[in-house]
Amino acid sequence: MNDVDNIIHRMKNLQEFVVQRDWEEIPSGVIKYGVQHTRGQLARIFVYALTQKEAETMVDEWFANPDE
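In terms of our numbering, the sequence shown opens at residue 1312 and continues consecutively.
Since the hints were made in silico from the structure, they are not lab data. Note that the coordinates shown come from a computational prediction; the quantities given were computed from them, not determined experimentally. Think of the CB as a built atom: it goes at the ideal place given N, C-alpha and C, for glycine as much as any other residue. Treat the hints with care, since some could be wrong.
[Claimed, not checked] Restricting the straight-line Cα-Cα distance to at most 25 Å, the calculated cross-link-like pairs of lysine-lysine (BS3-like) are: (1) Lys1364 <-> Lys1323; (2) Lys1323 <-> Lys1343; (3) Lys1364 <-> Lys1343.
[To be verified] Cβ-Cβ distance ranges computed for the label pairs, FRET-style: (4) Gln1331 <-> Asn1376: 12 to 22 Å; (5) Ala1375 <-> Glu1327: 20 to 30 Å; (6) Gln1352 <-> Met1322: 17 to 27 Å; (7) Glu1335 <-> Asn1313: 40 to 50 Å; (8) His1348 <-> Ile1318: 23 to 33 Å; (9) His1320 <-> Phe1357: 19 to 29 Å; (10) Gln1347 <-> Val1315: 33 to 43 Å; (11) Gly1345 <-> Ala1375: 41 to 51 Å.
Take these sequences, add in the hints, and give me the full structure.
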């Protein structure tokens, strides 16, 4: 597949995944994803990705580098 085909495939196959993390605070800066967070409970982050693993990686990278 060429780049355009890869992009089209990705766009057609994205799904929303829920990633839960035990964090006290959501990172400052740009909020990249939908977030539901109640103090004392796991944060629920809603991410569009191809797989649950990809969604989890995206969230972990966002929390590791909140200013990017």
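List, from low to high, the hint numbers that the structure doesn't satisfy.
Going through the list in order, the structure violates hints 6 and 11 and respects the others.
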